[in-house]
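Residue strings, one per chain:
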Amino acid sequence: MSKVLSKKDIISIRDLSLIEVNAILNLAKKFKKSLPKKNLLDQIIAHCFFEPSTRTRLSFETATIRLGGQVIGFSGSESTSIQKGEDLQDTIKTISCYADLIIIRHPLEGSARLAAEVSEKPIINAGDGANQHPTQALADLFTLQEMQGNLEGLSIALVGDLKYGRAVHSLVQLCALFNMRLFLISPSLLALPDAICNELKHKGIRFSFHASLDEVISKIDILYMTRLQKERFAQSERQLFENQYVLTRDKLKKVKTNLNILHPLPRGHEIDKAIDETPYAVYFKQVVNAIYIRQAVLSLLLNKVRV
Amino acid sequence: MIKTRSVSAIDNGIVIDHIPAGQALKIMRLLHVVNSKQRVTLGLNLRSTSLKLKDLIKIENRTLTPQEVEHVAIFAPGATVSLIENFKVSKKINCELPKIIHDVLICPNQNCINHTQSKGYFKLEGAPNQIKLRCFYCEKQFERDQVAEIYL
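First to last, the protein sequences are chains C and P. Residue 1 is where the first sequence starts when you use the working numbering, and the numbers rise one by one after that. Residue 308 is where the second sequence starts when you use the working numbering, and the numbers rise one by one after that.
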């Protein structure tokens, strides 16, 4: 059995090596080619969603059930002992007595890291506040690899709320592993956090800031659109930024033929539905690929696969 | 010209010198000497050739653990700790910043799990003269002056 990532946690892309990322991508590719045997038959996976989720939760559930695993858990903290004053550590310690692996989404940044400290079972971060969403970014990268072939040196534009978008933070760090050229397009108040920009500088990654997509649209291989993270804004701030970046068909006249348009979904108004019919749109492929990535991650962490 | 001491000598204990002005009270709280019975001599805003103004603390019958010396460095990276025995300096330690700071500073990110628990765990990054603190939990990076102390 493979020892890559075995019994480890997936909390942040910063913790993953290029070898580990490639192992996940390769296994997801293998799973997509031929449906794996039910290698999680004796495993119980706890899905602890302290924050609302449709896509990520159902994607993990699908991934688990298709591999024969059992799912326990909750969605929303209303029905948990958190309401009785229990802290996150005790909740996770308790759940780790029931489950073989814990998937956690929580509104506070660093919560998955804290959970990993107290859990004897592997933890997967399914989103911690505005910090990280590693499996979404791995699904994005898997889709790009499938569409573009070689990931090395591609040009990617990331558009929208780059400050609070946790999938963006994880994806940027993955792009750095493959030496991609980054064009960062956002209102200045929603720019990529300094901490991540400093990391990019330190690694010698080429990146630049832009106010408009028109400045770069003809140069890029990948266009990654994001929604405004409304839940992290006051109403007055929402109105300020909403509809600032809307992608319509007429903006795609000068694009490269190999362009892929991605979005972590759910979308707001930032991608016109007419774009869905173009050959560039791959955001529903991301949804499909996310299941394979999550199957790969579950199998590796639980040491239930040969690679 | 006759040189006189601003702060009187001690027979046994420690002298923490070269503390940037304004940091001594924080260090005293950190070392839990404010409410202790130990005899403490404090010098604030003393003249210094390297710092212009400095603070100085003398604590009688006290030593510091290596971890406490690291904690002093968080507030006074260039400070020295002299161990005094029979009015003589028996050992002098230069305070150096640790690579990790645990439970001394609190994460300023209000949406960080560690901020809500009034704890802090930082890794120090960057060149010695441009140190930045990265929260181990929320992964955000801060300048030293953005981060407050837990003890205050």
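Simulated from the structure, these hints should not be mistaken for lab results. Values in this document were obtained by computation on a predicted structure and should not be read as measured data. Keep in mind that a hint or two might mislead.
To be verified - Pair ranges (Cβ atoms, derived):
id	chain 1	residue 1	chain 2	residue 2	range
1	C	K8	P	E403	31 to 39 Å
2	C	K201	P	K406	20 to 28 Å
3	P	N319	C	N179	53 to 61 Å
What the hints assert, rightly or not - Covered by chain C, per the in silico footprint, the following chain P stretches (three or more residues, Cβ under 8 Å):
id	stretch
4	418-427
5	434-443
6	446-457
Glycine is no exception: its CB is placed at the ideal position from the N, C-alpha and C atoms.
Query - Those earlier numbered hints the structure runs against, lowest number first - result: Those not satisfied: there are none.
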